[in-house]
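Student: Each chain is listed here by its residues.
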Amino acid sequence: MSQAATEIVRISGHAGTVPGAGLNREFAVCKLVDTTTCIGCKACEVACLEWNGYTFTQTTFDNSYQTMPETAWNYWNLIKFNEHEREDGSLMLLMRKDQCMHCADPGCLAACPADAAIVQYANGIVDFQEANCIGCGYCMSGCPFNIPKFSPKARKVFKCTLCNDRVSQGLEPACIKACPTGCLHFGTKSEMKELAETRAAQLRDHSGHRDAGVYDPEGVGGTHVIYVLHDAKHPELYGGLPSNPRVPILVQLWKKPLRWIGNFGIIFGAVGVFIHYLRFGPKIVKADEPKTEGEGQ
Amino acid sequence: MNREPYLLPNGRVLRYSFRERLIHWMAGISYLYLLLSGLAFWTPWLFWIGVVLVGATVARELHPWFGILFMIAVALMYNMWARQMRKTPSDKAWWDAIGHYIRNEDDQVPSADRFNPGQKLLFWGFFVFGILLLISGLVLWFPQYIPWNVHVVRQISLFIHGVSFLFTVALFIIHVYMGTAMERGAFGSVIRGDVSRAWADHHHHSWYEQLLRNSTTQK
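In order, the protein sequences belong to chains A and B. Once you know that position 230 of the first sequence is 229 in numbering that gives the first Met the number 0, the rest is easy, because the numbers rise by one and skip nothing. Once you know that position 60 of the second sequence is 59 in numbering that gives the first Met the number 0, the rest is easy, because the numbers rise by one and skip nothing.
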């Protein structure tokens with residue numbers, strides 16, 4: 000990573016200790032989305048489009064604040080709105096910024112067959128390399144969050160990059176930069192986790208949200224986008240956030256045992272018929288010349 | 000169905016008519032493309048096959064179309080051969096003697112009809128797994144049209160496509176080996192169409208007898 004390149008190991012002709020030697024730098028980055036302070040202004044959506052060079056697409060109307068049903072190949076960041084009625088009859092307008100979660104154990108990467116079409120960096124960013132994408136869409140089946148989207152025009156799949164191009168230059172992602180309420184934070188994973196836990200404790204202790212908590216799902220090894228939720232026991236309320244996301248079991252079975260059984264079987268079959276030939280040879284038809292003419296009568 | 004005479008004037012026997020050969024190679028060539036491009040998507044070790052096939056992106060575009068072509072050929076084969084591929088009571092005795100057949104002790108193998116039970120297995124294997132590949136393949140062709148609330152269908156399709164592919168590969172390896180190296184004359188029968196009388200008598204005795212009987216009754 001870019002930080003590693005500036006970390007000093009030895010200095011010539013230098014008396015005393017090397018500045019920063021032995022310093023433990025954390026490379027893992029994280030985006031924190033505090034749903035409790037999001038006002039749904041959609042500035043993050045606009046910033047995402049601006050930075051990544053897409054134009055605003057036509058919205059749909061479904062009797063709510065929801066502007067379109069889900070993210071699109073050219074719309075990587077979308078606020079999901081849900082008018083939730085609580086048990087006491089009061090209403091809550093839940094808003095969650097939906098984008099790629101940058102899983103530590105990415106289902107898209109597990110399913111992808113194309114060499115280097117999906118890359119996971121040491122800082123946790125999972126990025127699609129469209130130049131290597133073959134457009135098979137396996138990632139769409141491997142993702143537990145419905146994030147990769149197929150572009151019918153490019154015939155390739157696109158998704159949020161966590162602004163890899165900005166982060167690698169020491170900048171924060173575009174969405175973070177645009178957020179007016181400060182509900183979006185960006186930093187190292189441990190920092191963001193700590194901040195999120197502090198906020199969740201505050202919500203529990205002072206705001207009456209007894210089930211407030213942090214969403215950093217273990218099923219995918221944790222994510223590099225984490226949420227603070229008022230109700231961490233029901234993440235589905237937040238626009239269908241899965242409560243226990245994981246790399247789909249069928250994708251795991253397909254890529255691990257089935258592939259090994261298959262590879263073994265194919266090699267065994269090819270070698271097997273060769274050995275059969277060495278051992279038994281061809282089926283010889285005796286008198287394989289049409290001289291048995293008269294056998295009919 | 001077939002107006003060509005089976006007993007040819009040059010003393011040879013017509014094994015496969017032109018129509019049969021044509022449809023066989025329609026299936027054969029499309030399957031070969033499907034196999035090679037499929038292997039490229041199957042394992043990173045064989046991804047280079049995609050490069051050989053004008054690029055994996057092109058292979059991904061063409062693979063489904065070759066699948067359609069293959070399934071049309073399979074449907075034509077079904078129309079052409081399903082009746083002759085039906086299981087008969089004598090099949091069991093042939094399977095009981097499969098060890099002799101494998102060891103080339105053909106004199107101890109019950110006589111076969113136009114298609115022996117192994118060929119029937121090949122036919123029905125490709126038919127059944129072909130349908131599974133077609134159905135799962137349609138999902139994989141257009142995953143973006145499978146709604147998110149039933150996205151498990153995509154995952155099931157990926158798995159079924161892989162399993163069915165492996166079964167057809169097993170059938171394919173045996174079929175190609177037997178049709179080229181093991182049974183001399185078989186490859187010629189599916190290219191030029193004819194076999195020697197001795198070949199017909201040896202490999203498909205019941206069928207050959209029937210041909211002779213028909214020809215004598217016609218005379």
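Keep in mind that a hint or two might mislead.
[As the list claims (entries may be wrong)] Subject to a maximum C-alpha distance of 25 Å in a straight line, what follows is the list of computed DMTMM-like cross-link-like pairs (lysine to aspartate or glutamate): (1) A/Lys148 to B/Glu104; (2) A/Lys282 to B/Glu60; (3) A/Lys176 to A/Glu49; (4) A/Lys192 to B/Glu182; (5) A/Lys192 to B/Asp105; (6) A/Lys176 to A/Glu196; (7) A/Lys285 to B/Glu60; (8) A/Lys282 to B/Asp193; (9) B/Lys91 to B/Asp106; (10) A/Lys41 to A/Glu217; (11) A/Lys254 to B/Asp193; (12) A/Lys285 to B/Glu104; (13) A/Lys152 to B/Glu60; (14) A/Lys79 to B/Glu182; (15) A/Lys285 to B/Asp105; (16) A/Lys254 to B/Asp105; (17) A/Lys282 to B/Glu104.
[Claimed, not checked] Calculated from the model, a selection of chain A residues having no Cβ within reach of chain B, i.e. all distances over 10 Å: (18) Ile10; (19) Gly19; (20) Phe55; (21) Phe60; (22) Asp61; (23) Thr66; (24) Phe80; (25) Arg209; (26) Leu257.
Derived from the structure by calculation, the hints contain no laboratory data. Beta carbons are placed, not taken as given, at the ideal position from N, Cα and C, and that holds for glycine.
Student: Now, for every hint given, state plainly whether the structure supports it.
Tutor: Consistency of the hints with the structure:
1. A/Lys148 to B/Glu104: With Cα atoms ~58 Å apart, lysine 148 of chain A and glutamate 104 of chain B exceed 25 Å; violated.
2. A/Lys282 to B/Glu60: Not OK: lysine 282 of chain A and glutamate 60 of chain B at ~41 Å, beyond 25 Å, violated.
3. A/Lys176 to A/Glu49: Holds, at roughly 12 Å.
4. A/Lys192 to B/Glu182: 68 Å, violated
5. A/Lys192 to B/Asp105: This hinted pair is violated, its Cα atoms lying about 73 Å apart.
6. A/Lys176 to A/Glu196: Holds, at about 22 Å.
7. A/Lys285 to B/Glu60: 49 Å, violated
8. A/Lys282 to B/Asp193: Cα-Cα ~18 Å, so holds.
9. B/Lys91 to B/Asp106: 17 Å, holds
10. A/Lys41 to A/Glu217: At roughly 28 Å apart (the allowed maximum being 25 Å), glutamate 217 of chain A and lysine 41 of chain A break the hint.
11. A/Lys254 to B/Asp193: Violated. Lysine 254 of chain A to aspartate 193 of chain B sits at ~45 Å, over the 25 Å cutoff.
12. A/Lys285 to B/Glu104: 13 Å, holds
13. A/Lys152 to B/Glu60: 13 Å, holds
14. A/Lys79 to B/Glu182: Violated - the C-alpha atoms of glutamate 182 of chain B and lysine 79 of chain A are around 65 Å apart, more than 25 Å.
15. A/Lys285 to B/Asp105: 11 Å, holds
16. A/Lys254 to B/Asp105: 42 Å, violated
17. A/Lys282 to B/Glu104: With Cα atoms ~9 Å apart, lysine 282 of chain A and glutamate 104 of chain B stay inside 25 Å; holds.
18. Ile10: Holds, because the least Cβ-Cβ distance between isoleucine 10 of chain A and chain B comes to about 43 Å, which exceeds 10 Å.
19. Gly19: Holds: least Cβ distance 39 Å, greater than 10 Å.
20. Phe55: 21 Å, holds
21. Phe60: Since the minimum Cβ distance to chain B is about 20 Å, phenylalanine 60 of chain A lies beyond 10 Å and the statement holds.
22. Asp61: 15 Å, holds
23. Thr66: 17 Å, holds
24. Phe80: 17 Å, holds
25. Arg209: 30 Å, holds
26. Leu257: 5 Å, violated
The structure shown violates the earlier hints numbered 1, 2, 4, 5, 7, 10, 11, 14, 16, 26.
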